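Chemist: Listed in order, the protein sequences are those of chains S and P. Okay, so the first sequence: first residue is 430 according to this note's numbering, each after it adds one. Okay, so the second sequence: first residue is 3 according to this note's numbering, each after it adds one.
The set of hints was computed from the structure by calculation and includes no laboratory data. Note that the coordinates shown come from a computational prediction; the quantities given were computed from them, not determined experimentally. Ideal Cβ positions, reconstructed from N, Cα and C, are used throughout, including at glycine. Fair warning: there could be bad hints in the mix.
Straight-line Cα separation of at most 25 Å, BS3-like style, residue types lysine-lysine; simulated pairs [said to hold, decoys possible]:
| id | chain 1 | residue 1 | chain 2 | residue 2 |
| --- | --- | --- | --- | --- |
| 1 | S | K522 | S | K688 |
| 2 | S | K601 | S | K522 |
| 3 | P | K181 | P | K142 |
| 4 | P | K129 | P | K142 |
| 5 | S | K522 | P | K142 |
| 6 | P | K129 | S | K457 |
| 7 | S | K457 | P | K142 |
Example chain S residues on the side facing chain P (calculated, C-beta under 7 Å, incomplete) [what the hints assert, rightly or not]:
| id | residue |
| --- | --- |
| 8 | T446 |
| 9 | L448 |
| 10 | P534 |
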Amino acid sequence: MPEALQVRRVAWVGFRTLLYKEVLRFWKVAFQTVAAPVLNAVLFLLIFSHVLDRHVTVYGDISYTTFLVPGLVMMSLLQNAFANSSSSLIQSKITGNIIFVLLPPISYREFYAAYVAASVLRGLFVGAGVWLVAMPFIDLPMAYPLWVLSFAVMGGAILGSLGVIAGIHAEKFDQLSAFQNFLIMPLTMLSGVFYSIHSLPKLWQDVSHVNPFFFMIDGFRYGFFGQSDVSPWLSLGVVAVCLVSLASLTLWMLARGYKLRN
Amino acid sequence: MSIPAIRIDSVTKRYGQFQALAGVSLEVQQGEFFGLLGPNGAGKTTLISALAGLTRPTSGTLQVMGHDVVEDYRQARMHFGVVPQELVFDPFFSVRELLRIQSGYFGIRNNDDWIDEILGYLDLLPKANANMRTLSGGMKRRVLVAQALVHRPPVIVLDEPTAGVDVELRQGLWQFIRKLNKDGHTIVLTTHYLEEAETLCGRIAMLKAGRIVALDSTQALLKAFASHSLRTRLRQPAAGVALGGNDEGDGWVGFGFDAYADVEQLLARLREAEAGVEEIQLGEPDLERVFVEVMHRA
Ligand SMILES: Nc1ncnc2c1ncn2[C@@H]1O[C@H](COP(=O)(O)OP(=O)(O)OP(=O)(O)O)[C@@H](O)[C@H]1O
Ligand SMILES: [Mg+2]
Chain S
430 MPEALQVRRV AWVGFRTLLY KEVLRFWKVA FQTVAAPVLN AVLFLLIFSH VLDRHVTVYG
490 DISYTTFLVP GLVMMSLLQN AFANSSSSLI QSKITGNIIF VLLPPISYRE FYAAYVAASV
550 LRGLFVGAGV WLVAMPFIDL PMAYPLWVLS FAVMGGAILG SLGVIAGIHA EKFDQLSAFQ
610 NFLIMPLTML SGVFYSIHSL PKLWQDVSHV NPFFFMIDGF RYGFFGQSDV SPWLSLGVVA
670 VCLVSLASLT LWMLARGYKL RN
Chain P
3 MSIPAIRIDS VTKRYGQFQA LAGVSLEVQQ GEFFGLLGPN GAGKTTLISA LAGLTRPTSG
63 TLQVMGHDVV EDYRQARMHF GVVPQELVFD PFFSVRELLR IQSGYFGIRN NDDWIDEILG
123 YLDLLPKANA NMRTLSGGMK RRVLVAQALV HRPPVIVLDE PTAGVDVELR QGLWQFIRKL
183 NKDGHTIVLT THYLEEAETL CGRIAMLKAG RIVALDSTQA LLKAFASHSL RTRLRQPAAG
243 VALGGNDEGD GWVGFGFDAY ADVEQLLARL REAEAGVEEI QLGEPDLERV FVEVMHRA
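Use the sequences and the hints to build the structure in full.
Modeler: In structure tokens form, the structure reads like this:
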């Protein structure tokens, strides 16, 4: 076999194996990594819909519960995508078994792609879980499945990349939870999961517009209702720019060997 | 001459102000069984990490089978297997799963025949399907050896592979590694058990504070540094000391000599001096003495 082809084959098998390992890692403990977050989201759904459903409608005639579900699906997806790459990396770093991934001929690009793809898959599993559990109780349309999927995958990839950055940068678990509690949680909570930003005062509407998470959730919701707070094309643009920037930053860190090969 | 298995050229490594490697140059030829010795903190693991691409040298270059470990890392890593010093493992998987995954990282699918063979050699077959968490320390160490071999690397580096391995398994492990060496693999070994290094390694480098302070064939090192020794217990130790001996207390006086022919002469002169020889011990040169002496001088 010509050498270039051989190298590409090795790289491809290496990537697939790392992806497989990362998926197996969360799948073996799916009770904690998939079932628990689904339950979490469902609890949110029960409580909020019970309290608010009769008082609030959105986009004219959509019930609050129906409005809430896509937001909760996306929030769970994003948080779990982040959790997957960040916790896997920090665990491997602390136990030292990260060397088994660093010794083989896996390039930083394959490394990045595998960790992010596994994060996206975990996010999709959890998101789909929330959606499936909610299905029997509400009448949720899906106007544009392709929009739904695009935002799900891109949002998952953005949070997966953030997870790679956090997992590599953090040296202890509490540094990771600081990242999670002070960045990821506030940004998701304030992104319009629980409300349409049109119901906010002007100032907070403006603040929401600098939160990239808002665009992920708003675009995602557009895929269900065909309606959203801002144009889905704008959301798509913002999300795509975020993804490209974060991917570049992460790849740059990995190429330099930041904290992994120092 | 064929490409050296390992070529290290003026490698330095700095951690902040601390100089872990201070300009190391070294070549290991294909097929060698090479020992890398040195006290704790000498820089052995740092050098191995640089070869494996786990750490980037501050300056200098390293090659494995002619492939630069930074520029041509894919080829370099395909040819390189490392048994790390630290006992690390992934608690999520069984031994076999782990070895399959490790094979995949190197682009190898369907590696079960070779995996079974390695597990057999390492006495791990009964544990093939056990979770890593449930293995004893020595077994985990052997899994590390197996992991380093999944891609049949021509160059294998073992960083203290026998730490915490019981005697019987240590013998087995050496037998296996010797066989690998016979089959053409280049072996580099670090160990603090100097008898092991002495019997196994054809050539040895000694490292101290990030520098190579001795580099030669094991035979030459034994010859050059530690002469044979003769210890005598004398009624008149002073007479022995006058002949150039070393007073070791309790009437014992030690002498160094190069060839057995010298012993006769020495004993004759002791008799002449009426030193009164009561006991004699002959000491073979051993690597431990060489090591102590080299570290002392450097
Ligand atoms: N990541 C690091 N940061 C700072 N110093 C380091 C780092 N890694 C190694 N060192 C230092 O470099 C020196 C060489 O360490 P190294 O692990 O290479 O020694 P060694 O020869 O393998 O010792 P041992 O026989 O104990 O395994 C030590 O003083 C160590 O403290
Ligand atoms: Mg060491």
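Chemist: Each hint: holds or not?
Modeler: To see whether the hints hold, each was checked on the structure:
Annotation: proposed proximity of K522/S to K688/S holds, straight-line Cα distance about 10 Å (limit 25 Å). Under the criterion of a C-alpha separation no larger than 25 Å, the hint pairing K601/S with K522/S is consistent with the structure, at around 9 Å. The suggested pairing of K181/P with K142/P holds, with an alpha-carbon distance near 21 Å, which does not exceed 25 Å. Of the pairs offered as hints, the one joining K129/P and K142/P holds, with about 10 Å between alpha carbons and a cut-off of 25 Å not exceeded.
Of the supplied pair hints, the one linking K522/S and K142/P holds, its CA atoms being roughly 18 Å apart against a limit of 25 Å. Taking the CA atoms of K129/P and K457/S, the gap is near 20 Å; set against the 25 Å cutoff, the hint holds. Distance hint between K457/S and K142/P is fulfilled; the C-alpha atoms sit about 21 Å from each other, no more than 25 Å. Residue-level restraint check for T446/S holds (minimum Cβ-Cβ distance to chain P is 3 Å; threshold 7 Å).
A least Cβ separation of about 10 Å between L448/S and chain P goes past the 7 Å threshold, and the interface hint is therefore violated. For P534/S, the shortest C-beta to C-beta distance to chain P is roughly 4 Å, which falls under 7 Å, so the interface hint holds.
Against the hints set out earlier in the document, a violation occurs for number 9 only.
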